[in-house]
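A.B. asks: Sequence:
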Amino acid sequence: MITERPVGGRELGSRERTAEATRRDPIALFRAYLALTKPQIVELLLVTTIPAMIVAAKGWPDLRTLAVVLVGGAMAGGAASALNCYIDRDIDQVMRRTKRRPLPANSVTPRSVLIFGLTLAVISVALMAVFTNWLATALTAAAIFYYDVVYTLWLKRRTPANTFWGGICGSAPVIIGWAAVTGGVGALGWALFAVVFFWQMPHFYALAIKYKDDYARAGVPMLPVVRSEARVNFEIVLYTVLTVAASLAAWPLGLGPIYGATAIATGVAFLAEAFLLVKRSRAGEPAKPMRLFHWSITYLTILFIAVAVDALV
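Convert by adding 96 to the 1-based position in the sequence shown; the result is the number in our numbering.
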């Protein structure tokens, strides 16, 4: 369950005026539909997918397969995000972090978003079915279903464990890319899956701390809303440790010294940032959770670049 970076900007003025202007302007309408796909999430998903494909192929994979997974994966991620916006339109309009999204801003209609999301989903799965293999196709379809039905419709609004279980779909692109190349998923593929899975807890808990009041207002039981600060701090440290441990466990499974050195260096920095957040929190100082949030993105990006470089040299 990888999340998009918060977007700043001015408050909306007249929603009716803004919506009408958007619907009349083709460029503005295009931007609204693009925003529904949460392109920053798609970008981060592809950052993990491409290196996984490279290491699975022990070099550059077949260019057609690479292109199909990039396009199909981007469309699948966009479909899941658009359908998430459709399902969550009621809570998005009461949260400051999300009220500028196209649906709360009335830039597009719920019906058009539903059609858009389902169309992207069908095309993405069809692309994978025609040009890759059954396992990659099934995992793509399952990831969309899991994110929108299991996570968004069920888990998100019912349990503080939503982030943990939602991490499955956020980690899926790693094994989808691996399966597209090899037809299966090897031990290293599962190790890289584990890195992204555990990483999502400190990544998202940091965001949830920042927007705790938003989630409380919307009635979403994110961990910082319903559990103590001490419990949240413990889980941030625990899952940061597990993320780094998983990254080191991946090293002897087929990666070399470039990856190993990167995993150690970035892992130490990631742990240091998590412990600093906890230290500030215990001292009664501002926790500055967005420092951890932004560093977590940098950490994952650097780590997976090292995966690709190590496989290519």
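Read the hints as simulated data drawn from the structure, not as lab findings. Hints may contain errors.
What the hints assert, rightly or not - Pair by pair, the computed Cβ-Cβ distance ranges are:
no., residue 1, residue 2, range
1, Arg253, Ala368, 28 to 36 Å
2, Pro353, Gly280, 25 to 33 Å
3, Ala124, Ala283, 41 to 49 Å
4, Thr205, Ala283, 20 to 28 Å
5, Ile211, Asp186, 36 to 44 Å
6, Arg254, Ala326, 34 to 42 Å
7, Arg160, Arg378, 51 to 59 Å
8, Arg387, Arg327, 19 to 27 Å
9, Lys384, Val337, 14 to 22 Å
Claimed, not checked - Below, in silico cross-link-like pairs of lysine-lysine (PhoX-like), each with a Cα-Cα straight-line distance of 20 Å or less:
no., residue 1, residue 2
10, Lys195, Lys375
11, Lys306, Lys375
12, Lys306, Lys384
13, Lys308, Lys195
14, Lys384, Lys308
All C-beta atoms in this analysis are idealised placements derived from N, C-alpha and C, irrespective of residue type, glycine included.
A.B. asks: A separate judgement is required for each hint: does it hold in the structure or not?
C.D. replies: Do the hints match the structure? See the list:
no., hint, verdict
1, Arg253 x Ala368: 28 to 36 Å, "holds (34 Å)"
2, Pro353 x Gly280: 25 to 33 Å, "holds (27 Å)"
3, Ala124 x Ala283: 41 to 49 Å, "holds (48 Å)"
4, Thr205 x Ala283: 20 to 28 Å, "violated (47 Å)"
5, Ile211 x Asp186: 36 to 44 Å, "violated (19 Å)"
6, Arg254 x Ala326: 34 to 42 Å, "violated (23 Å)"
7, Arg160 x Arg378: 51 to 59 Å, "holds (53 Å)"
8, Arg387 x Arg327: 19 to 27 Å, "holds (20 Å)"
9, Lys384 x Val337: 14 to 22 Å, "holds (20 Å)"
10, Lys195 x Lys375, "violated (32 Å)"
11, Lys306 x Lys375, "holds (16 Å)"
12, Lys306 x Lys384, "holds (8 Å)"
13, Lys308 x Lys195, "holds (15 Å)"
14, Lys384 x Lys308, "holds (13 Å)"
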